[in-house]
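Asker: Same order as they appear, the protein sequences are chains V and W.
Residue numbering for the first sequence is 546 to 899, as defined by the working numbering.
Residue numbering for the second sequence is 326 to 579, as defined by the working numbering.
You can trust all of the hints, since none of them are fake.
Pairs of lysine-lysine residues, derived as BS3-like cross-links and limited to a Cα-Cα distance of at most 30 Å, are as follows: (1) V:Lys792 / W:Lys351; (2) V:Lys800 / W:Lys397; (3) W:Lys502 / V:Lys792; (4) W:Lys571 / W:Lys502; (5) V:Lys556 / W:Lys437; (6) W:Lys439 / V:Lys792; (7) V:Lys775 / W:Lys481; (8) V:Lys792 / W:Lys539; (9) W:Lys340 / V:Lys705; (10) V:Lys775 / W:Lys433; (11) V:Lys561 / W:Lys439; (12) V:Lys792 / W:Lys340; (13) V:Lys792 / W:Lys531; (14) V:Lys556 / W:Lys439; (15) W:Lys511 / V:Lys556; (16) W:Lys433 / V:Lys792; (17) V:Lys792 / W:Lys481; (18) V:Lys561 / W:Lys433; (19) W:Lys397 / W:Lys511; (20) V:Lys792 / W:Lys437; (21) W:Lys433 / V:Lys556; (22) W:Lys481 / V:Lys800; (23) W:Lys397 / V:Lys792.
The set of hints was computed from the structure by calculation and includes no laboratory data.
Listed below, chain by chain, are the residues.
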Amino acid sequence: MSEERLQVAYKHRSFKNIIFIGACLALLIVLTVLAIAVGSADITIKQVWQSVYHFLAGIKPEPSDQRIEKIILLLRMPRVILGILAGIGLSVSGTVMQSITRNPLVSPFTIGLSSAAAFGACLAIVAGIGIKPHTPFGIVLNAFIMSLVCALIVYAVSTKIGMSPEALILTGVALSYFFGALTATLQFIADENQLSAAIQWTFGSLNGATWFQVILLVVIIGLGIPLLMKYAWVLNAMSSSGDEFIKGIGINPAKMRGILGLVVVVMTASIISFTGVIGFVGLVSPHIARMIVGTEHRVLIPVSGLLGGILLLVSDTIGRTILSPVTIPVGIIISYIGVPLFINLILVRRKEYF
Amino acid sequence: MGLEVNALNFAYTDKQVLDNISFEVKPGELLGLLGPNGVGKTTLLKCINKIHVPQAGEIIVEGQRIDHLSEKSLAHHLSYVPQSTHSNFPVTVIDMVMIGRLPFMNFKVARKDKQVVFALLDEMGLVEMAFNPINRLSGGERQRVFIARAIAQEPKVILLDEPTSNLDMKHQLEILKLLKRTIVEKNIAAVMTVHDLNLAGLFCDKVLMLKDQKVHAYGPSCEVLTEENIEIVYGVKTEVHERQGKHHVLLTNQ
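Given these sequences and hints, build the entire structure.
Answerer: Here it is as structure tokens:
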């Protein structure tokens, strides 16, 4: 009798979760269209559809529509989509990082990636060191390479001491400070223009988004998330149980931290190399998602990704429009929106969560 | 069948911990692992669990030497209940118990997995709290969840690391009654480390006393739990009384 009740309740929960994923997806699509339409150049939703249709069907637009369609296709769309991808990637990375370290305070940046990326960018901007350091792409490449270097050091050090969550977090935090010091040293010797450019980079913004960046992130995130989803049950176990138990069910926790960590590092590093440091979303969307759908990763990963995408999209759209024509970097806005939302959720759902 | 340990030796790089340990646990039996803190009880469990690799000796689970089994296939025969742990995330009871099915699962939760878990939650009296986060449960309830998770693995051998620590008397009795009933019903060989000699006397079919890396005494609990053995192993004077075939240990203040 009670078994049947459980059967029903379990089914009900799965059904509710699927509906919620669907609703998030629908909301994200609606917001995407709205976000493309909103901005300093007035665009109607019809024009958005029309230009996408024209592009896909290969129809040349009327000369009077050409300017608008260019804005939509070359400025607004890549920016909006890049923002969504960054939000999804950082949130999923944050979820996985928190789970493999069993630590709710961890974000994708805890192991030092953002400081290392900032140092890489700064090295190109200030010192002119790196591959083609004076081009925007050179800066991106430098940031990416430096994050990987950081991840490699963290990996090398923590494997020596058994790849425990504590080893990962402590080495990561220490390296964050180290790269922070390196960046500060460069900024100390930089001239005014270089300093301004270097600091601008760390704000985290979607200015200058291109289709090339979008396609690259689609590929990386499109490969990364399914791979992480494949390990959903391993993540369920790792986030809730100690290493002793994990080993007992035939999983090698050190190896898993290596594999899953690598996916997270590549996703995070490629995102922040393009956008600069967009913090907070990777820390907070996993928690918001857990409060709503619980800790089962088959549901948690897609939901935290979608919520992260929505949060970043909304933040950037507000950043673009609130003081238009000035654009406020999304890295700043996201904390203004995310923090009150998060604190409110903590207060409302405190009992279940803590 | 069940669990068999023959002439097991284990040393950390610089220190011998276990020397020539042998014992056997048959299906449906509960063995109590006794000895003072730091004597190597948990190390012994870790050897059986394949976390540590012993230098010599053999461990046989369901007729198979565990060094011939992969970790994954060992997980089909053997499960482990760690000392009660706190979770940093609001994991629900049902999700926690479902993790016990992991050795049998890929991505989808199969009908069999659900059947096993739902039935277990019912047997363990966890239906009412199935969708509550484990951090909101009492110590006794949480211990039931961890035992349920281990039984969900459908093991032939189960290892428990101090399942009664942190529990009050009522819940100590409740957990051990539940454990005893479950291993008899499902024909599982069980090994638990335990500090309370009275609980060992009441519930364990056999006990094994460790002292100075070696087995000091091993056998039916009514034979091993004696004043002499307890004094040698723990260095404490006690009075042991027999009542209805069970040995009860009284601490004395001398």
